[in-house]
Every structure is written in structure tokens, then in C-alpha cells.
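Enquirer: Next come the chains, spelled out residue by residue.
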Amino acid sequence: MKRTATFFAASVVFLAGAARAQLTIEITGGGANQIPIAVLPFAGESALPQSITEIVEQDLSRSGRFRSLFVGGITQVPAEISQVDFAEWRSRLADAMVIGQAQRLPDGKFEVRFRLLDVPKQSQIGSSVYTLPAGQIRLTAHKIADFIYEKLTGERGVFGTKIAYVVKQGSRFELRVADADGQNAQPMVISSEPIMSLAWSPDGTRMAYVSFQNKKPILFVQSLSASKQPAPVASYRGSNSAPAWSPDGKELAAVLTKDGSSQIYLMNADGTNPRRITFSGFIDTEPFFTPDGRFIYFTSDRGGSPQIYRMPATGGEPVRVTFEGDYNVSPRLSPDGKTLAYISRISGRFQLMVMDLESKQVQILTDGQRDESPTFAPSGRMILYATDVDNRGVLAAVSSDGRFKQRLSVQAADVREPSWGPFLGN
Amino acid sequence: MKKALLTALALALLYGCASQPVEPGVAPTPSPASPVTASPVQLQGNPLKDPNNVLSKRSVFYDYDKSDIKDEYRPMLQAHGKYLAEHRGTKMLVQGNCDERGSREYNIALGQRRAEGVKRMLVLMGATGSQVEAVSLGEEKPRCTEHNEGCWSQNRRGDMLYGGEY
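Chains as they are written, first to last, in this note's numbering: chain A, 1 to 426; chain B, 427 to 592.
Chain B with its partners taken away, still in its complex shape (with noise of 0.2 Å):
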């Protein structure tokens, strides 16, 4: 069930439309990736793209005031940072997250430790520094918008986003 929803939210930021649970008469929020414009990587057999394939899956999910990765997703991390060690003329930007309680300013700070674990990770398993961008989106991007710990689980999340799809 988490890993078909994971796949869902994975393959829905690569087409630039996130999905996310509105209330009736709001207008969606706009998502975190723009429409993919040029994408450097090839779409025939594309191992992003693929469902199958462990690197569709782009996003790490944290406990409330937290920024520690579960161990759930480092085999996740593994295979991107393989995945950008080979491919060096690749990149990504990391997006943290955070769900809506606390200060705003704080939570660009605490998505931004997010996002900078993310980056740590992934150069830890051979990419390089340059390669990846960690940035914080803090709790002004939220995927789901209701007020409820269901939604804010969600929202505290780091995404992995490829060159072209953002």
C-alpha cells in the first residue's frame, strides 16, 4: 500500500502535477515541480521512470520535529547516489519539507536539515556535492492541506528531483 503510494507520489511529481487532496472549492496549490520542459535523460527504459525500478521512488518521509533518515530509505538513497556517481553530468535538487505546526521560518530551517541529510546520504554513496542542490521549501508547499496528523505525515517529507524535472 506505502510503496504503491509511494510510486503514485513519485511518478506524479516527474510529470509536474503532484497530486494532492484538496477541499472542495480550493483551487490545488501549485505543485513543487514545474512541467518537465527538456529532460536530459533518455525516456526509452528510463530507470527514473520506471515503476519498477527502485529509482521512481524519490521521496523520504520524517517524524514530527525530526530530520533523521529511517533506515527504510537508505536502500532507496543507495541506488540514486549510484545512480548519480555514474551518471556525473546529472543533476538533482533535494526539497525538504515540513508539516504546518510551528514557526514558518523555522520549518525553511528544519526542511533545509532535511533536505541536507538527503544531499549528506546521497554523497556518501558516490555523488558528488555539486551534483545536488538542498533547498527547503519549509511548510509552504504542502502536498495535503488538511489539518490532521494523516496529512502532516505526509507533508514532512524530502523529495529527490532529477535535472528537467524542476
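Bound conformation, chain A alone (with noise of 0.2 Å):
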């Protein structure tokens, strides 16, 4: 899979960088500069398969918060501290900088052992060493980066993590996994038939999805961890679409047309005991659980036109969400809860708009055509959503403060219906 990112940084804040690149660096939890980095190539480095320091630089940049330095012209990389020119790197305006070293045991695995460095301070930030095997360099990597993320932002780092998304090239369906910057995709379904409206489970195991292999929408959940198939949850009559799972994993709202227009119902993580749960009558769909499972954000034409509206998640009175325009659509909530990322119809245009759910504020992020299916990253920093260019779908990331964008396409192919999958152990 080739990848393409697209940076819109703007020089304002790349001057921000460099005016308090003299100061300490301090953990503010969401502040919008960049902070400036220097990751230098570890000692030995080349004795891995492929370049690790590359893969943390590339994380870093790609996340909107760091401005990573040039590190060339250095004539010998340092391995420790005590080898660190403090005083060329503060010249160079480094706040920050990662140095390390990586060395082939006996045993044909890799040791990679690295220390985040605070250039004012001359001092050391933090360290770590793992053991890898050869396939494990990419997935080291995303550690360091959410190691050094962590450490000066203050916020956990998301590049450990999965986003799935479906790719469609002719008449072939891929459902894939990807890591966080789209490389290393994996395909876990693959229909001649579309596949759409996918949802991890909240611990990353399973993959809640709607199939049209048998002519009409139907509800699967499948494991990521064990080959087997996937299992239909809901083959109704009518359509069986628009899954949600619970934040506890152990139901998924979904929605059903067996009892006639297409309502939400809550069903077993399994697609036993389903039990109704709105009687509008009008279209609601596309359920989605608060992240403390005690409501349900969903989109309903119950007013005229399809808005979005919030219920308790057991059942009972809707409360309508979004006022402006006549087409608000695709509610997600930011793992937080206190932001709602929805799509809203703006002059014909489809747009990816957040609201501040204390404040009502909201805000437009992205000014295409065609945005669709907005999904959050776990730390709820950016929000991957699909949109077209040259009438070819691809993925965007946008943070959610409306900063920084980026792009990931595949050639020759549509890319939509992205799911970021949440934070895993360890």
C-alpha cells in the first residue's frame, strides 16, 4: 500500500517552534506549537532490517505536535548521553532529541535501546530497550514514538495503534487493517460484494461490519485474533445495518427493518436477544454509545429532516442534538465524550463538523465535497474520516481542533468507511 501525506503545517507555527526552542520543555497536555525534535539514526542501526529512527521521525511529524529536525552532517552518531554535543543541538533550536543504539544478539533477534533527551535541560528525559524479532521493527517503532509522544506531551500517543477501513478495486471488497499511518495493511475480509459501516470492539479483538455477500445488508462480527469465520449477528428480514457496540463489548446497537422502518435495537454481543429499542416510526440509525454507555447518539428524520439526537441507551425520550442546517448526519463521540464529530450538508457539500457538547460550539474542520464516516483516534486528537479527490475515495485524518491534515490513498483504488481502533495492553 502506498501512502501519501499531505502536510499543512502552517510557517506560523514552525517560527512558534523555533522562538521558545531555547525554553524548557514542558508537558502541557494540548498545547498547538510544535515542539522541536532531533531523532538521530541509532548507533549500529544498520544492522537492522530496515530503519527504525525513519519510521519514529515520520510518526512524529505525521502527528501535528513535533517539528522534527534535520540531523544531518553529524559525523559521529552518539550512543550515550556523554557523547551528546548539547551545545550544537541548541544551535540547531533542539528542544528534544532521541539517540539510541541497535545491536543483532546471538540469538538472530535485535536489541534496541534509546533515551529521549531534553537539549536545555542537558539531561535525560527517559529510556527503554526492547528485544525484537526482524517483523517486529515497525511495530517497535510506534512503541518509541508513543514512549517520546507520551513523555512531552503529557497524552498517551496513538501510532501503536489499528485503524481498519475497506478497500474497493473493481468489484473486489477488502476489508483491511492497517497500522495507525496506514502501512503494514492486512486484509481480514475480501467479498465481490460491498462491505461498509465497520466498528471495533472496544478491546480490539473483533470487527463488527455489514456484508452484502447475500443481496442485502447483513450484520457480521468477526475475530481479528482467531481465523475463523465471520459469524452473522443479525440476517433479519430487510436490512441489518449500522453496528455500535456498548463500551463494556457485551452488546451492539444496530439497526433492523424486521419490524418495518429501520429502527435501533439492542442486541447481545453474540446478535441474541435483540430487543427494540426507539418506536419512531421515521428512520433512526447509526447508534452511537456514549463512552460511559449511558446514552446513545443516533441520527433520526423524526422532525422533517435527518438530525441527530440523543437518547438514554436503555431506551426512552429523545433529545434533539443538532439544530442548524437540514441534513446532520453520522454522530461519533471523542473518547472523552465532551466533543461530537457529526457530517453536515452545507450548500451541497458534505462537511466534517465537531460540536463542543457543554458549549453547543460548533465548528467546521474540512472543506470537501464528500466527507463521510468520521472516527476518532482513541486519544480523540484526530479524526479520520473518508472524502474524495479526483473522484477517488481516500482517507483524511484532520486533529480535532482543525490544525493539521493529512491524507492516505491507495492507488488505483477507493478507500472509505475507516474505523480507528482503540488503545491496546501493554
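Calculated directly from the structure, the hints in this document are not laboratory data. There's no promise every hint is true.
As the list claims (entries may be wrong) - Just a few of them, taken from the derived set where beta-carbon distance is under 8 Å, the chain A residues facing chain B: (1) Lys216; (2) Gly238; (3) Ser330; (4) Asn391; (5) Val394.
Quick reminder that beta carbons are idealized off the backbone N, C-alpha and C, glycines included.
Two chains, two frames, some hints: make the complex.
Expert: This is the structure we're talking about:
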């Protein structure tokens, strides 16, 4: 899979970063300034089958929180803090730097150790060591990037998480799972019929999705750990779609039409015991649980146009959430439950919006024509969504403050229906 | 002209090979109907396949964001409802479709409402509810793949398929 990343980091941010380069690194937990960082090649890194620092550096740059400094012209790569020429890196305006070493062990595995340094203070912020087989270079690089990200921003990094999406190439549909940077993609489901509405289980072990392999939408759950056949969990008369997991992973909300119009049902994760929780007779679809599991946001046209509503997860009276415009759909809650992302039709264009649920303030995040299917990173920092460029489906990501954007595309194929996986253990 | 187009489309559906304009170099997407395996209806003099019979017409077209059935489709739906009433063992699948604009899941629901509307009309005209299953294909199986109203109007559609045709 080819990746095309387009960065829109403003030069203003560059200057802001330079101006504070001599300051001590502060863990701000959410500042907009980019931290200037130098990721030096690790001593002995050429022993690895692929560069690990290149991946670390790309991860950090792509997050929008760091400005990666040019590290060329170094005569000797420092492996230890005693070998670092701090004066040189201060003059290069680095706030932080990463050094390390890599070596092949007698058993064929590799050992990678690295140190994260505070350049103005000339001190170590943290360090770690990994022993890994050749196949885990990328995974280890993402772990190192997550370590650095968390130490310097105070927030958990998402470089080690997974994303899932659907690739349509001709009449072939593939549900793929990839690293958060779009690399290392693995097909999980392949079909000659459409696949849509991917939803990760909260523990990251299962994927709910909708397949048309039986000539109509049917809801499946696929285990990602074992090579089991996907199991249909809802294949009632009519259409079965729009799966959403409860935060404890025990239940699914989904849309069934077995009793008439598209209504929301709750069922056990294996599809048993479905019980209806909306009774509008209008369209009720796209359920999404709040992180505490107490409420469900959903799309309904009960008021005459598709709008977003919220209701108790056990059923009950819905409250309308969106009021501006005549087409507001696809509600997704941020992991902290404070922000609602959704798609709004504005002058015929479909754009990604965010609403601060406390202040009800709304912000347009994108300027596309056909933006759809938003999904929050588990950190809440970025929103991945589907859009199109030159009539071809691509994925794009935008920081939840709208400042930073990038794209993921697959050559000669449509990419769509992204779903960002959860934080995994360790 | 429209009549001829409808007939052609209906025939194409019958033979499990919906004609669809595709861009050069793009493989055609699978048709909504699978190859005909066992048809429960007689081939000889089959009214469902006779281009001069209204029963060969199978599609209802809609306005953007709408699911109400225009008056021009009533005679066709009446004929199908009557046929289903006279052939109680015959099943039908109604597939609702949408153009590509908007949420994929909302379009599943909108396509379902279109299909349910066709089903309701067929039941009014004599079919039983158990004979007809209404399903939605949303925007997932476009007959026409260009991004303009010419294509969108073809994709906002309800299709009726008899048992053996899907």
C-alpha cells in the first residue's frame, strides 16, 4: 500500500516553535506549538532490516505536534548521553532529541535501546530497551514514538494503534486492518459484494461490519485474533446495518427493519436477544454509545430532516442535538465524551463538523465535497474520515482542533469506511 | 425513450446482468441480481419477461431525498400486485437504492423506506406481506457510476425482482 501524506503545517507554527526552542520542555497536555525534536540515527542501526528511526521520525511529524529537525552532517552518531554535543543541538534549536543504539543478538533477534533527551537542560527525560524479532521493527518504532509522544505532550500516543477501512478495487472489496500510519495493511475480509460500517470492539479483538454478500445488508462480527469464519449476528428479514458496540463490549446497537421502518435495537454481541429501543416509525439509524455507556446518539428524520438525537441507552425519550441545517448525520463521540463529530450538508457539500457538547459551539473542520464516516483516534486528538479527491475515495485525518490535516490513499482503488481501533494493552 | 430504457433495464435485470455505464478501465460492479438459477415461472409466454407486458417493467425512480412513489408508476405496481395475488407461491425481493450523496448508513435507511413503500403499494394491490421482502442496497450498488445528476437519477431507484431472479 502506498501512502501519500500531505501536510498543511503552517509556517506560523514553525516560527512559534523556533522562538521557544531554548525554553525547557513543558508538558502542556494540549498546546498547539510544535516541539522541535531531533531524532538521530541509532548507532549500529544499519544492522536492522529496516530503519527504525525513520519510522519514529515520520510518526512524530505526522502527529502535528512535533517539528522534526534535519539531522544531517553528524560525523559521529552518539550512542550515550556523554557523547552528545548539546551546544551543537541547542544551536540547531532542538528542544528534545532522541539517541540510541541497535544490535543483533546471538539468537538472531535485535536489541534496541534509546534515550529521550532534554536539550536545554542537557538531561535525560526517559529511556527504554526492546528485544525484538526482525518482523517487529515497525511495531517497536511505533512504541518508541508513543513513548516520546507521551513524555513530551503528556498524552497517550496512537502510533501503535490500528485502523481498519474498506478498499474497493473494481468489483473486489477488502476489509483491511493496518497500522495507524496506513502501513502494514492486512486483508481481514475479502468479498465481491460491498462491505461497510466497520466498528471495532472496545477490546480490539473483533470487528463488526455490514456485508452484502447475501444480496442485502447483513451484520457480521469477525474475530481478528483467530482465523474463524465471520459469524452473522443479524440477518433478519429486511436490512441489518449500522453496528455500534457498547463500551463494555457486551452489546451491539444496530438498525433492523424486521418490524417495519429502520429502527434501533440492542442485542448481545453474538446477536441474541434483540430488543427494540426506538419506536418512531421514522428513520432511526447510526447509533453510537457515549463512552460511559449511558446514552446513544443517533440520526433520525423524525423532525422532518435528518438530525442528530440523544437518548438513554436503555431506551426512552430522545433529545434533539443538532439544529442548524437540514442534514446532520453520522454522530461519533470523542473518547472523553465531550466532543461530537458529525457530517453536515452545507450548500450541497458534505463536511466534517465538531460540536463542543457543553457549550454547543460548532466548528467546520474540513472543506471537502463528500466527507463522510468520521472516526476518532482513541486519544481524541485526530479524526479520520473518508473523502474523495478527483472522484477517488481516500482517507483523510484532521486534528480535532482543525489545525492539521493529512491524507491516506491507495493507488487505483477507492478507500472508504475508516474505523480507528482502540488503545491496546501494554 | 424512457419506456425503452426501462424495458432494457428490466430485461438486463432479468438476465442477471444489469447494464451499467462504466468509466473506461474500471471493472463493472456486480449486478444486483445473481445469475438466474431456477425460475419458478414458465419461460414460454412468460408475462414477466415479455417486453410488451407491463410486468416486465420493474423499476421505480425517485427525486433526491424522497421516497414517495410518483403516480406514473401506479399502473405498473398495480399489475405486479395483481400478479402476486394471482400467484401466491411467488416471492418478490424489492431493492431500494440511493444516489451516492450523504451518509452511507442513512442511505441504507432511505433505500429501505423506498423499498418498503413499493412493498406497501404491492400489498394494497393484492400481494401478501409474506410474499414480498423489502431490502436496501443504499448507495452501495450504483447502476451508474458518474458523479452527476444524470447518473444519480438512475440510482435513486426501487427494483422488483421475482423469485429466481436474485
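Enquirer: Does each hint fit the structure? Answer for all of them.
Expert: Now for the hints, and whether the structure bears them out:
1. Lys216: holds (4 Å)
2. Gly238: At 6 Å from the nearest chain B Cβ, Gly238 (chain A) passes the 8 Å test, so the hint holds.
3. Ser330: Because about 5 Å separates Ser330 (chain A) from the closest Cβ in chain B, which is inside the 8 Å limit, the hint holds.
4. Asn391: holds (6 Å)
5. Val394: violated (15 Å)
Hint compliance for this structure: hint 5 alone is broken.
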